[in-house]
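Chains A and B, in that order, give the protein sequences. For what it's worth, our numbering labels the leading residue of the first sequence as 1, then goes sequentially. For what it's worth, our numbering labels the leading residue of the second sequence as 1, then goes sequentially.
Be aware that a few hints might be false.
[What the hints assert, rightly or not] Below, a list of computed lysine-lysine pairs in the DSS-like style, where the Cα atoms sit at most 27 Å apart: (1) K170(A) / K150(A); (2) K31(B) / K354(A); (3) K184(B) / K55(B); (4) K221(B) / K100(A); (5) K184(B) / K120(B); (6) K100(A) / K184(B); (7) K43(B) / K100(A); (8) K43(B) / K112(A); (9) K120(B) / K130(B); (10) K128(A) / K100(A); (11) K347(A) / K55(B); (12) K120(B) / K290(B); (13) K43(B) / K150(A); (14) K347(A) / K29(B); (15) K354(A) / K55(B); (16) K49(B) / K29(B); (17) K206(A) / K249(A); (18) K354(A) / K221(B); (19) K100(A) / K125(A); (20) K184(B) / K29(B); (21) K55(B) / K29(B); (22) K130(B) / K184(B); (23) K241(A) / K258(A); (24) K156(A) / K128(A); (25) K354(A) / K29(B); (26) K49(B) / K150(A); (27) K14(B) / K290(B); (28) K43(B) / K290(B); (29) K327(A) / K343(A); (30) K290(B) / K347(A); (31) K43(B) / K354(A); (32) K125(A) / K249(A); (33) K327(A) / K258(A).
[Claimed, not checked] Here are some of the chain A residues that sit facing chain B, going by a computed Cβ distance under 8 Å: (34) V99; (35) N104; (36) P265; (37) Q289; (38) L353; (39) K354.
Calculated from the structure, these hints are not laboratory results. Note that this is a predicted model, so its numbers are computed, not measured. Just so it is clear, CB atoms sit at the ideal spot from N, CA and C, and this is done for glycine as well.
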Amino acid sequence: MFCSAIRKILVNSQNAAKFSVISTQLRYLRGQRSALSEIDVLHPTDISTKQDDKELAAETAARKSYEEVALDFGSREAHVPSFNLAAYANSSNTLQQFVKLGVNLHSIERRKGLGEFVLRLDFEKNVKPYISFLADQGVSADDFGRMFTKNPLLFKEDLDDLQTRVEYLKSKRFSEEARQRIFTQNPYWLMFSTRRVDRRLGYFQKEFRLSGHDLRLLATREPNVITYNMEHLRKSVFTLKEEMGFNAKELSALIVRKPRLMMIPPDDLIERFSYIHQDMGLSHAQIVQCPELLASREFRLRERHEFLKLLGRAQYDPQKDLYISPKTIVEGNNFYFVRNVAKSDLKTFDLFLKTR
Amino acid sequence: MALTKVYDAVTVFKHLNGILNVYKPAGMKAKHVRNAILSNICKGLNEMKQRELRKLPKDTPLLGTGTAADSVLHNIANNEDLSDNILSVGPRYLPRDIRCATVSSLGDHTSGVLLFGINKGIGQSGCLRKNQLVRVYHITGCMGTATENHLPDSHVTVRSNYRHVSADRISGLAASMQASHQRKMFELCGVDLQTQEAYELACKGLIRPSDDSQPVIYGIKLIRLEGPYFTLELHGINETQEYLAALVHDMALELRTVAHCSQLRCVRHAHFDVRDSLLRHGWHLPGIMKNLRQQRDILREHPELLRQERVELHA
Numbered sequence: 001m002f003c004s005a006i007r008k009i010l011v012n013s014q015n016a017a018k019f020s021v022i023s024t025q026l027r028y029l030r031g032q033r034s035a036l037s038e039i040d041v042l043h044p045t046d047i048s049t050k051q052d053d054k055e056l057a058a059e060t061a062a063r064k065s066y067e068e069v070a071l072d073f074g075s076r077e078a079h080v081p082s083f084n085l086a087a088y089a090n091s092s093n094t095l096q097q098f099v100k101l102g103v104n105l106h107s108i109e110r111r112k113g114l115g116e117f118v119l120r121l122d123f124e125k126n127v128k129p130y131i132s133f134l135a136d137q138g139v140s141a142d143d144f145g146r147m148f149t150k151n152p153l154l155f156k157e158d159l160d161d162l163q164t165r166v167e168y169l170k171s172k173r174f175s176e177e178a179r180q181r182i183f184t185q186n187p188y189w190l191m192f193s194t195r196r197v198d199r200r201l202g203y204f205q206k207e208f209r210l211s212g213h214d215l216r217l218l219a220t221r222e223p224n225v226i227t228y229n230m231e232h233l234r235k236s237v238f239t240l241k242e243e244m245g246f247n248a249k250e251l252s253a254l255i256v257r258k259p260r261l262m263m264i265p266p267d268d269l270i271e272r273f274s275y276i277h278q279d280m281g282l283s284h285a286q287i288v289q290c291p292e293l294l295a296s297r298e299f300r301l302r303e304r305h306e307f308l309k310l311l312g313r314a315q316y317d318p319q320k321d322l323y324i325s326p327k328t329i330v331e332g333n334n335f336y337f338v339r340n341v342a343k344s345d346l347k348t349f350d351l352f353l354k355t356r
Numbered sequence: 001m002a003l004t005k006v007y008d009a010v011t012v013f014k015h016l017n018g019i020l021n022v023y024k025p026a027g028m029k030a031k032h033v034r035n036a037i038l039s040n041i042c043k044g045l046n047e048m049k050q051r052e053l054r055k056l057p058k059d060t061p062l063l064g065t066g067t068a069a070d071s072v073l074h075n076i077a078n079n080e081d082l083s084d085n086i087l088s089v090g091p092r093y094l095p096r097d098i099r100c101a102t103v104s105s106l107g108d109h110t111s112g113v114l115l116f117g118i119n120k121g122i123g124q125s126g127c128l129r130k131n132q133l134v135r136v137y138h139i140t141g142c143m144g145t146a147t148e149n150h151l152p153d154s155h156v157t158v159r160s161n162y163r164h165v166s167a168d169r170i171s172g173l174a175a176s177m178q179a180s181h182q183r184k185m186f187e188l189c190g191v192d193l194q195t196q197e198a199y200e201l202a203c204k205g206l207i208r209p210s211d212d213s214q215p216v217i218y219g220i221k222l223i224r225l226e227g228p229y230f231t232l233e234l235h236g237i238n239e240t241q242e243y244l245a246a247l248v249h250d251m252a253l254e255l256r257t258v259a260h261c262s263q264l265r266c267v268r269h270a271h272f273d274v275r276d277s278l279l280r281h282g283w284h285l286p287g288i289m290k291n292l293r294q295q296r297d298i299l300r301e302h303p304e305l306l307r308q309e310r311v312e313l314h315a
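Please put together the full structure from these sequences, using the hints given.
Quick look at the structure:
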């Protein structure tokens with residue numbers, strides 16, 4: 001009776017010893033997972049319940065290896081958490097190559113998740129094929145930095161997809177230079193699937209009844225319009241068509257000449273238009289002739305028009321004498337304007353501005 | 001000492017202190033003016049020559065793969081700290097690195113002299129603010145229409161005739177308003193009116209208010225009248241855009257007509273004149289540095305702007 005009780009206690013203590021070994025191993029594994037380093041998984045220590053001294057030896061071995069892991073920082077230097085990419089620039093080959101290309105790492109890391117993505121890239125495997133692909137498309141080496149700064153997610157796309165998208169543009173008879181300009185100016189273009197780009201181009205063609213040539217001209221002149229926020233584009237088109245009252249023909253001419261108008265906030269656009277149309281007294285036809293007027297900020301127009309009015313030179317009717325082309329009003333800096341258009345001097349212009 | 005051209009951003013930043021006199025355009029918020037100025041300063045500084053790249057410490061662990069083609073090792077041999085590169089850490093100067101405070105803000109529709117204290121000039125700008133300096137406004141009112149908030153951008157509420165208004169009547173009204181405002185000035189100076197102290201203050205002439213709670217007007221004068229427009233010159237302390245617009249409205253009511261304020265322009269803030277102020281096309285680093293120097297000269301000529309001991313007006 002007494003002996004059996006002692007035996008029970010012994011068995012219990014042995015079990016406890018077994019559990020302690022398992023728990024140290026578990027702790028070790030957990031520590032390893034949090035360290036995220038490439039250290040091979042420790043061979044499982046054999047758990048023997050037969051002999052106490054063997055058990056002890058295994059336990060101490062496990063503890064020793066656990067301590068070693070806890071103190072080993074050597075190869076984890078590059079994986080210390082950081083708030084920015086600059087911390088890894090010295091140790092990551094990819095980042096160094098990016099810096100050489102002229103990519104702004106600080107503007108990449110500001111966008112959520114991109115920093116981590118860039119850090120995971122392997123230059124030889126993930127980046128080089130894309131660079132050679134873009135170089136094949138005629139993108140010059142100076143533009144790589146700007147492009148990758150804007151859109152590092154390009155490296156996520158499949159190269160075959162990119163090739164398909166290029167083939168699509170070729171099939172739509174975009175010339176070599178046009179394609180090169182599109183890819184350089186708008187790094188997001190290649191992210192859009194062929195179907196989506198096709199839908200967008202179709203929208204523009206239908207909305208403004210453009211010919212193929214005009215559509216290509218539009219897309220080449222301002223590639224960003226094609227991939228712009230569709231909601232915003234619809235709003236601007238509504239503003240141009242309904243609020244300003246350009247007819248279909250004028251609108252298509254305006255859009256092809258200055259596609260950027262569609263990317264300006266509609267409120268600003270309508271403000272500029274009302275100033276040009278009502279205060280400066282230019283007709284729709286004249287505005288279509290020089291869409292730069294609508295692309296220039298309102299205060300600039302106001303300053304220059306009022307200065308010309310003060311000098312008595314605000315005469316925009318080509319039939320009469322002393323005609324001033326509206327296009328020249330928004331050209332150049334203030335000095336150029338004052339000397340060549342207003343034919344006055346900068347001091348007068350400054351004094352005039354200080355009375356307003 | 002001979003003048004030398006500076007190409008070094010650090011030197012420029014070191015001297016970027018003092019009061020800046022900017023011409024605020026109408027229709028632009030003072031906050032936007034401030035942001036534009038600061039970002040232009042940073043743009044200018046970042047285009048200049050930057051400091052050298054930091055060197056790596058000697059005992060940096062080598063983390064490359066060890067082959068000759070590995071650029072990691074090349075860079076370490078070059079001993080340049082790439083984490084200090086402008087491309088990886090971003091531009092050296094950011095708008096938030098420059099401290100900036102307005103002396104007194106102008107309303108959205110007000111144009112004219114706007115003073116900023118930049119970096120070490122913040123102390124000076126605080127002094128200027130505390131010293132309650134006089135500002136001079138040119139206010140143009142447009143008779144015939146009244147608007148909801150007395151400024152041109154809101155709904156027209158009343159129209160009326162203004163043919164009977166003559167320059168004499170406006171001047172007369174302005175003079176009487178000036179007199180009544182000057183009585184108010186003594187009430188606001190923080191001294192009991194029935195004391196010897198108040199009498200002595202009154203002997204000295206015009207005095208400035210003790211705090212910035214109430215607007216005080218020292219002079220109103222008609223300087224131009226043509227068509228529906230009339231322009232007043234107004235000297236005051238603690239005035240706001242709304243107060244001035246309401247003043248024009250009240251004046252018009254006294255003249256048996258209605259008016260709204262079509263233009264508000266601050267032409268002078270103490271000795272800081274509109275002639276020295278920086279127009280929008282001059283908001284770049286060289287222009288700003290030149291302007292800071294000019295304002296420093298003005299402050300040196302008039303030390304009383306910063307250290308005010310007398311209560312009476314002289315600026």
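Hint check:
1. K170(A) / K150(A): holds, 24 Å
2. K31(B) / K354(A): Holds. K31(B) to K354(A) sits at ~20 Å (cutoff 27 Å).
3. K184(B) / K55(B): Measuring from Cα to Cα gives roughly 67 Å; hence the hint is violated.
4. K221(B) / K100(A): violated, 66 Å
5. K184(B) / K120(B): Outside the cut-off at roughly 37 Å; violated.
6. K100(A) / K184(B): violated, 69 Å
7. K43(B) / K100(A): Given that 27 Å is the threshold and the Cα spacing comes to 23 Å, the pair holds.
8. K43(B) / K112(A): With Cα atoms ~26 Å apart, K43(B) and K112(A) stay inside 27 Å; holds.
9. K120(B) / K130(B): Holds: K120(B) and K130(B) sit about 17 Å apart, inside 27 Å.
10. K128(A) / K100(A): holds, 13 Å
11. K347(A) / K55(B): Distance ~49 Å between K347(A) and K55(B) Cα, so the pair is violated.
12. K120(B) / K290(B): Holds: K120(B) and K290(B) sit about 16 Å apart, inside 27 Å.
13. K43(B) / K150(A): holds, 20 Å
14. K347(A) / K29(B): Holds. K347(A) to K29(B) sits at ~26 Å (cutoff 27 Å).
15. K354(A) / K55(B): violated, 50 Å
16. K49(B) / K29(B): With a Cα-Cα distance of about 33 Å, the restraint between K49(B) and K29(B) is violated, given a limit of 27 Å.
17. K206(A) / K249(A): Holds, because 13 Å separates the two Cα atoms, which is no more than 27 Å.
18. K354(A) / K221(B): Given that 27 Å is the threshold and the Cα spacing comes to 20 Å, the pair holds.
19. K100(A) / K125(A): holds, 17 Å
20. K184(B) / K29(B): Given that 27 Å is the threshold and the Cα spacing comes to 31 Å, the pair is violated.
21. K55(B) / K29(B): violated, 44 Å
22. K130(B) / K184(B): holds, 20 Å
23. K241(A) / K258(A): The hint holds at about 15 Å.
24. K156(A) / K128(A): holds, 13 Å
25. K354(A) / K29(B): holds, 17 Å
26. K49(B) / K150(A): holds, 26 Å
27. K14(B) / K290(B): Measuring from Cα to Cα gives roughly 14 Å; hence the hint holds.
28. K43(B) / K290(B): Satisfied, since the Cα-Cα distance of roughly 17 Å is no more than 27 Å.
29. K327(A) / K343(A): Measuring from Cα to Cα gives roughly 16 Å; hence the hint holds.
30. K290(B) / K347(A): holds, 17 Å
31. K43(B) / K354(A): holds, 25 Å
32. K125(A) / K249(A): violated, 50 Å
33. K327(A) / K258(A): Judged against 27 Å, a Cα distance of about 13 Å means the pair holds.
34. V99: holds, 5 Å
35. N104: holds, 6 Å
36. P265: violated, 16 Å
37. Q289: Not OK, violated: Q289(A) not within 8 Å of chain B, min 27 Å.
38. L353: This hint holds: L353(A) lies near chain B, its Cβ roughly 5 Å from the closest one there, short of 8 Å.
39. K354: holds, 5 Å
The structure does not agree with the numbered hints 3, 4, 5, 6, 11, 15, 16, 20, 21, 32, 36 and 37 stated previously, though it agrees with the rest.
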